[in-house]
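In the order they appear, the protein sequences are chains A and B. Residues 1 to 406 (our numbering) make up the first sequence, in order. Residues 1001 to 1347 (our numbering) make up the second sequence, in order.
Hint data in this document are derived by calculation from the structure and do not stem from the laboratory. Nothing false has been slipped in among the hints.
Sample of chain A residues lacking proximity to chain B, with all beta carbon distances greater than 10 Å (derived): (1) Gly86; (2) Asp138; (3) Glu154; (4) Ala178; (5) Glu205; (6) Glu216; (7) Arg238; (8) Gln277; (9) Glu308; (10) Gly311; (11) Asp359; (12) Val397; (13) Glu406.
Per label pair, the in silico range of CB-to-CB distance: (14) B:Gly1106 <-> A:Met361: 48 to 54 Å; (15) A:Ser233 <-> B:Val1212: 56 to 62 Å; (16) A:Val58 <-> B:Val1309: 17 to 23 Å; (17) B:Ala1093 <-> A:Pro221: 31 to 37 Å; (18) A:Met361 <-> B:Ala1094: 38 to 44 Å; (19) B:Arg1198 <-> A:Arg136: 44 to 50 Å; (20) B:Val1309 <-> A:Arg236: 47 to 53 Å; (21) A:Gly223 <-> B:Leu1125: 23 to 29 Å; (22) B:Gly1106 <-> A:Met262: 48 to 54 Å; (23) B:Val1309 <-> A:Gly223: 21 to 27 Å; (24) A:Glu406 <-> B:Ala1094: 36 to 42 Å; (25) B:Asp1171 <-> A:Glu180: 52 to 58 Å; (26) A:Gly223 <-> B:Leu1322: 26 to 32 Å; (27) B:Pro1326 <-> A:Pro222: 34 to 40 Å.
Quantities reported herein were computed from a predicted structural model and do not represent experimental measurements. The beta-carbon is built from N, C-alpha and C at its ideal position, and this holds for glycine as well.
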Amino acid sequence: MSMKIRTSRLLFGVASGLALGGLVSGTALAQDQETTVGAGAGEEDAIVIGGSIPMTGVFAFAGLAFNEGMRDFVSWVNEEHGGVNGRKFRYVGQDTGYDVDESVGVFQRITSREDVDFYFGDSTAFSQTINSELNRRDILMTGASFASELNNPEEYPLQFLLGPDYTEQVGILLDYIADEQPGARVAFVHSDTEFGRDPIAASQERAEELGLEVVETLVTPPGASDISGATLSLRRARPDYTIFHGYVLAPIPDFIERSRQMGMETKFMGTYYSMDQTIIDEMGEAADGFMGVMPYRYYYDQEAPDTEILGAIHDMHDEYKPTMYIQAWLAGVLLREIAQETLDAGKELTGSNMRETLDSMENIDTGGIIGVPVTYRGSSIPVGRIYRADMDEGRMVPVSDWIELE
Amino acid sequence: MRIGSPKETYAADEGLFRTRTQWAWFGILLLSLVLFPFLSNLYWLYLVCLISIHVISATGLNILTGYTGQVSLGQAAFMGVGAYTVAWLDNHAATPFVLNLLAAGGVTTVVGMVAGLPSLRVKGLYLAIATIAASFILHFVFLNWESVTGGARGMNIAPPQAFGHELANADTFYWLVMPVTVVMVLLAANLFRTRVGRAFIAIRDRDISASVLGISLPVYKLMSFAIASFYAGIAGGFYAYFFGAINPESFPLLMSIFYLAAVIVGGLGTILGSILGAVFMTLTPELLRYGVDVMEPFVDDASALLSPVRTMVFGLLIVGFLLFEPHGLAEIWRRVRRFFHLWPFRN
Chain A
1 MSMKIRTSRL LFGVASGLAL GGLVSGTALA QDQETTVGAG AGEEDAIVIG
51 GSIPMTGVFA FAGLAFNEGM RDFVSWVNEE HGGVNGRKFR YVGQDTGYDV
101 DESVGVFQRI TSREDVDFYF GDSTAFSQTI NSELNRRDIL MTGASFASEL
151 NNPEEYPLQF LLGPDYTEQV GILLDYIADE QPGARVAFVH SDTEFGRDPI
201 AASQERAEEL GLEVVETLVT PPGASDISGA TLSLRRARPD YTIFHGYVLA
251 PIPDFIERSR QMGMETKFMG TYYSMDQTII DEMGEAADGF MGVMPYRYYY
301 DQEAPDTEIL GAIHDMHDEY KPTMYIQAWL AGVLLREIAQ ETLDAGKELT
351 GSNMRETLDS MENIDTGGII GVPVTYRGSS IPVGRIYRAD MDEGRMVPVS
401 DWIELE
Chain B
1001 MRIGSPKETY AADEGLFRTR TQWAWFGILL LSLVLFPFLS NLYWLYLVCL
1051 ISIHVISATG LNILTGYTGQ VSLGQAAFMG VGAYTVAWLD NHAATPFVLN
1101 LLAAGGVTTV VGMVAGLPSL RVKGLYLAIA TIAASFILHF VFLNWESVTG
1151 GARGMNIAPP QAFGHELANA DTFYWLVMPV TVVMVLLAAN LFRTRVGRAF
1201 IAIRDRDISA SVLGISLPVY KLMSFAIASF YAGIAGGFYA YFFGAINPES
1251 FPLLMSIFYL AAVIVGGLGT ILGSILGAVF MTLTPELLRY GVDVMEPFVD
1301 DASALLSPVR TMVFGLLIVG FLLFEPHGLA EIWRRVRRFF HLWPFRN
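In isolation and in its complexed conformation, chain A is listed as follows (with noise of 0.2 Å):
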C-alpha cells in the first residue's frame, strides 16, 4: 500500500471518526441541553410541547415555520403571562426530514427525555403511526396534517386538528360557490397522493348535495409538469370553478396560465397548503384571482379590534410571517386554553385529561387568530374564510366572512 493512499486514508478516518466520536462524546454534555425554548430543563413544573418538525427535506417549509411559530409563542406565553398557573412553558422539537421513521425516532428520542405532554407531528402518517404510542403514553397531539381520516375521535382520541379537515376546506369552497352561484359547474384537481386523494370523494357527494355539478375530476402527480393533457380536458369541461387539492405550488401557476391562455374564464381555488402568501408570491402574476380557503387571519390582517395574538406576533415581528407558523401559535393558543381549564378543574395535564377538556370547551378564544369563536366539532374546527388573491394590493383579502360548516 502506497504511502500516499495510507495518509489520505488515515486522514479520512481521523476526520470522520472526530466527527462521529466527537459528536458522540459530547451526548453526555448535551443531555440536559435539548434543542429548546422556554422555561429550563431543570424546572420539574414546566409543561413541555415535544415536536417532529420537518426543518429539512420538501416540508420543511412549513416546518421552519413551525419551529419559529412554537418558539415564539413559549417566549411570548412565558414571558407575558408567566405560563400558565405560574407553569412555564418549554418547547423541544427536532428536525425529521419529514420521513416517518425520522419522525418516530425524534418522538422516541424526545419522550425518553423529556415528560412530554403535549406533541405537535408532522404529517398524516406519523400521527397514523404514533397514535399507538400516544394512547399508551397519554400525551395529547396535533400537527400539520387536516387529514379527515384524523377527525375521529374514536379512532384517534388523543389528536385534533388545528382547523377544518381536508374535506371540511373543500366543503367551505363549496358552500362559497353555491352560494355565490348556484348551480355552477365545479371540477376537481388533485394530486395523486394520499394528501390530494384525501377529500375527494366526499366532496363529490358534498357537490351533488348542494346542487353544484361536477363536471370533471383530473389526478396529476404532485408537481407534475406536464399538465398540457389535463389543461385540455379540463376546457372541454367548462367549470365554472376549479378546485386544486394536494399541492403546494406546481403544478397550480401552470395550470391557470395555460387555462387563461385558452380563453378560459374558471375560477381557481385552492386548500390551505397552497394559500400562504409566500407560495402565492411564487405564483406571479397567474396567482391574480386565485382564491381559496384559510381558516386562519393572515400576518396582515388586522382590521378587527379583537386580534390579541396577532398583535404579539406584530411586535415581534416587522416582516410577513407565514400561515404555517401563525399555525403553531394557534396550537399554543389553544394548548394554553386546554392547559389552564384542566389545571383550573383540578386535573393534572394527561392526554385524556386534556382531551376531556377540549371536548367540554365552547366558544374559545383564540386571540383574534380565528375571527370568530371556536367549538371544537369531532376532532376538527370546521370553520374558514375565502380569501382572493389581489396582485394590486399584493396579498390575499378576504371576500367572505368566516364560514362555518354545519
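Assemble chain B onto chain A, guided by the hints.
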C-alpha cells in the same frame, strides 16, 4: 495473541467461526444483544429495531447485488409487497404473525422472481433501470388496487400478539425482530458455504465462465432474486408491524437507494458489510443530532439552523467512504482485526 489456526478437516476450513476466539466474541455479541433491552431506553430500542429491519433488507440486497452482481433498485418496492401482504392478512384473515411474515416472504419471493426476469437478458445499469420500472409498477399497484391495498390511504396493522402479549413497542418488538435478524444473517452467511452461494459469486465474477462451469445462469440469477426478495418481504412485514400503518408513500424509490448506499458503504459482497452499512446509514444521522445538541447553548435555534448541515455532513461522510474506503466499512473492520491478530508484537 494466537499464532495460527490449523485446520484438519474440510469442514473446519469452511466454518463460519474458525477459532475459539471467534466463538467467544460471537457469544459476547449474543449476550449483549440479550442484555441490551435492559440497559437502554425506548429511543435506542427503537433505533435498534429499525436497524434490524434495515439489516435484513440490506443483507438480501447484498446477496443479490454484492454477491451475484445484479444491481437492483427495487428493494423498497419488494419490502412494500411484504408489508402489504402482512397488512392484508392482518386485516382480512387474522392469522398469527408468524404465518403472516412467512407469507410476506413467500409472496415477495414470487414477485421478486418475476421482477428479476429481465436479469436473464440485461445486466448492470440496464438491469437497474428494469428494476426501477418494476418498483414503479408495484407502486402503481399499491396505489390503485384499492380493494386490497386501501389505495392512497393505505392500511393499519394491529401489533403482533405473542403469548397473550402485544408486541406493540420497541421494547417488546425487539424480542421478535432481533432473533429473526440474527437467524437471517446467519443463514445468509451460511449460504456462501454452499454450491448455491458459490454459484452466485461465480456469476458475479464472470457470468460466461460460470456458465461454462455448468452453472445455469437463469436458474441461479432468479434464485438470487428470489432470496433477496424473500429477505425484503420479511423486512417489509416487520416494517408494517413496527410502524402499524403503511401507504404507497412508505416505500419510495429513495428507500431503495438507501439500501444500495448501505450495501456499498458497508461493503459489497460481505455479510458484515450489510450489517455495518445498515447501522451506519441509520445511526449516523441520529448521532449527528448530538452535534446539533452540543451547539445548542452557543447557537440560538440550533435545530433549525444546523439540521441542513447535519444532512450535508451525512452526505459528505458517504462520499468520503466511497473515496477512501471503496471496500466499505467491512474492510476497516478487517484491518482492525488483522492488526490485533499479532498485537502487540507487530504493528
